[in-house]
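Participant: Each chain, written out:
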Amino acid sequence: MTRWIGLVAAAIAALLIGVAVGPADLTLGAVGDALLGRGNDATVAIVRDLRLPRALLAFVVGGSLAVTGAALQALVRNPLADPYLLGLSGGAGLGAVAAIVFKVGGMWAVPLAALGGALLAIALVYRLALVSGAVLDARVLLLSGVVVGAFAASLMGAIMAISPAPEVRNALLWLLGGFDAASWSALGVFSVYAAVPLVVIYRQNRPLDLLSLGEEPAAFLGADVERLKRVLYVAASLLTAAAVSVSGIIGFVGLVVPHAIRLLWGHLHRSLLPAAFLLGGVLLVVADAIARTAFAPLSLPVGVVTALIGVPVFVLLVRRWAK
Amino acid sequence: MLLRNLTIPAVMATVLLACESREQQGEGSLVDDTGHHVSLARPPTRIVSLAPGHTELLFAIGAGDRVVGRTRWCDYPPAVDAIPSVGDGLNPNVESILARNPDLVVFYASPSNEPAIARLEQLGIATVSMLTDDLADFIRAADLLGTLTSEKDRSDSLIGWLQHEVSTFEATRSTETLPTVLMVAWDNPPIVIGSTSFLSQIVELAGARNAFADVDRPSLTVSIETIVERDADLVLIASDSGIPAWAERPEWRVVPAVRDRRFVVVTGTEFSRPSFRAPDAIRRVRTVLQEWQQR
Numbered sequence: 001m002t003r004w005i006g007l008v009a010a011a012i013a014a015l016l017i018g019v020a021v022g023p024a025d026l027t028l029g030a031v032g033d034a035l036l037g038r039g040n041d042a043t044v045a046i047v048r049d050l051r052l053p054r055a056l057l058a059f060v061v062g063g064s065l066a067v068t069g070a071a072l073q074a075l076v077r078n079p080l081a082d083p084y085l086l087g088l089s090g091g092a093g094l095g096a097v098a099a100i101v102f103k104v105g106g107m108w109a110v111p112l113a114a115l116g117g118a119l120l121a122i123a124l125v126y127r128l129a130l131v132s133g134a135v136l137d138a139r140v141l142l143l144s145g146v147v148v149g150a151f152a153a154s155l156m157g158a159i160m161a162i163s164p165a166p167e168v169r170n171a172l173l174w175l176l177g178g179f180d181a182a183s184w185s186a187l188g189v190f191s192v193y194a195a196v197p198l199v200v201i202y203r204q205n206r207p208l209d210l211l212s213l214g215e216e217p218a219a220f221l222g223a224d225v226e227r228l229k230r231v232l233y234v235a236a237s238l239l240t241a242a243a244v245s246v247s248g249i250i251g252f253v254g255l256v257v258p259h260a261i262r263l264l265w266g267h268l269h270r271s272l273l274p275a276a277f278l279l280g281g282v283l284l285v286v287a288d289a290i291a292r293t294a295f296a297p298l299s300l301p302v303g304v305v306t307a308l309i310g311v312p313v314f315v316l317l318v319r320r321w322a323k
Numbered sequence: 001m002l003l004r005n006l007t008i009p010a011v012m013a014t015v016l017l018a019c020e021s022r023e024q025q026g027e028g029s030l031v032d033d034t035g036h037h038v039s040l041a042r043p044p045t046r047i048v049s050l051a052p053g054h055t056e057l058l059f060a061i062g063a064g065d066r067v068v069g070r071t072r073w074c075d076y077p078p079a080v081d082a083i084p085s086v087g088d089g090l091n092p093n094v095e096s097i098l099a100r101n102p103d104l105v106v107f108y109a110s111p112s113n114e115p116a117i118a119r120l121e122q123l124g125i126a127t128v129s130m131l132t133d134d135l136a137d138f139i140r141a142a143d144l145l146g147t148l149t150s151e152k153d154r155s156d157s158l159i160g161w162l163q164h165e166v167s168t169f170e171a172t173r174s175t176e177t178l179p180t181v182l183m184v185a186w187d188n189p190p191i192v193i194g195s196t197s198f199l200s201q202i203v204e205l206a207g208a209r210n211a212f213a214d215v216d217r218p219s220l221t222v223s224i225e226t227i228v229e230r231d232a233d234l235v236l237i238a239s240d241s242g243i244p245a246w247a248e249r250p251e252w253r254v255v256p257a258v259r260d261r262r263f264v265v266v267t268g269t270e271f272s273r274p275s276f277r278a279p280d281a282i283r284r285v286r287t288v289l290q291e292w293q294q295r
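So the sequence lines, in the order shown, correspond to chains H and E.
Numbering (this note's numbering) for the first sequence: 1 to 323.
Numbering (this note's numbering) for the second sequence: 1 to 295.
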């Protein structure tokens, strides 16, 4: 129970930090006033329309990536699994890069193209992995993901090689991930969308525990393993596709947060999944706050920061656990 | 303010230095922007130009008829369309360059071109590498290429004219409070133009102030929050597709100048690189600024 209180407190603290700090030099008092709608227009706009939706979006995306990572690690029974393993980042990246380089018009062109590319990759991987009818083989799933990802990455490389330098740089920066496109509408759309796969994955927490014993034991113990794998794969992929389309490809959160929670918390998915959601959110909100302020007015890609703060923390955890 | 005071002396100083170093080296041996000594036995007759700015410059000084190869990005003057392309200008394809049988290859000064330069020099083909990032670079390049191609009279008179135009713009800047201009190069992540870019130079000479004039780099990635804080009077977009689609996005509409649609759109390659068309570009920005101030 104290661990839960600690994690929820950390989540609240992270969100407060996300709103309190930024490249604009605002005092805590000014931020507080702005939250209540007092102060000059620019300050109110910065706090209410930029920082607040940005911190909340980073939290929900970080949580979604961590839950997806946890589910996929259990699904393919591979500790290296992360949300982007299954060809998704390649597909999303290809869609986004194509939209950027070929200058597809419209204010939502890049996120929609990323979503489209990710969905295409998901469909392709799923079809390849469905061997002999309806059986989703975890090994084939992994291999299909890797080859579809590699194929998409090659196409992306080819497009970049024949494109002018500024577009290539912009596309690479987009791929590194960030929350510069955060707004209340982006937050609203993503949250409503994400709620469905998150609930679907959470509802499978018992079968997920069984699956970690192996597919055959899980089946003996009453899990509908084939259905479980299909549901998990589709839910996790759709969730990641949406995360990529709002924030680009942010590595590390989905890989390491689930392991950190397993070390601290144990392996039961009933608590692992919500705890991973909270810790993933905390990590990404804090990483984004650092990305925005460390070299202000310059900003860093958030994906760079997640690994820079996540790796040392994870190393400490592993060392403590190994003793 | 910094740039305003620096532009002209910096331009002058660079040109003077360029002239001095040539005299020290003696005729026929010149130093380019990478410190490489360029010496030609005779004026080049077959030039491959590996940057759009260099190609435009060669045409302007009257050496256009000797350009036998260009990059696929070279787009001005229209006569370049008739010249075969050798592909990219950065890290170029040496075989395509050799196929044009050049006696001088003009590079943009960049580390990524070093392997190609080494290869060509090995094969006995002269190379020269010049920056053309701002007007000072451009004038230095015009002087060097004018000398190398024996079009010195033409390049000198054009340089003199350009310097005169620039100092006239300096002298006729409004003395009232200058409007601040935000230049957005990209929306996600937001990339804005800093003080050392050519576009910033145009805007300052036209009589405005870059909202990011304090950052000494060509461009920088920032948060929208920083852009809101700078509270620019105008947003200048150098693009051929009009007011960009991101101007409608909710996070960008937090920026007051974007929300109020205080946009100025300019089109044309004269805004993307320094050239002898720069005075025209500056004049056009000055006109739109004056129109905006009278509103």
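It is worth saying that the hints were derived from the structure and are not from the lab.
Warning: the hint list may mix true and false statements.
Simulated DEER-style distance windows between Cβ atoms [as the list claims (entries may be wrong)]:
no., chain 1, residue 1, chain 2, residue 2, range
1, H, ALA13, E, ARG173, 32 to 38 Å
2, H, ARG227, E, SER96, 55 to 61 Å
3, E, PRO115, H, TRP321, 44 to 50 Å
4, H, ALA13, E, GLU170, 30 to 36 Å
5, E, PRO43, H, LEU308, 37 to 43 Å
6, H, SER185, E, THR168, 25 to 31 Å
7, E, ASN91, H, ALA13, 45 to 51 Å
8, H, TRP108, E, ARG154, 20 to 26 Å
9, E, THR267, H, PHE102, 44 to 50 Å
10, E, ALA82, H, LEU172, 33 to 39 Å
11, H, ALA294, E, GLU176, 34 to 40 Å
12, E, GLU121, H, SER185, 31 to 37 Å
13, H, ILE162, E, THR267, 49 to 55 Å
Every residue, glycine too, gets a C-beta built ideally from N, C-alpha and C.
Participant: Are any of the numbered hints broken by this structure? If so, which, sorted upward?
Facilitator: Violated: hints 1, 4, 5, 6, 8, 9, 12, 13.
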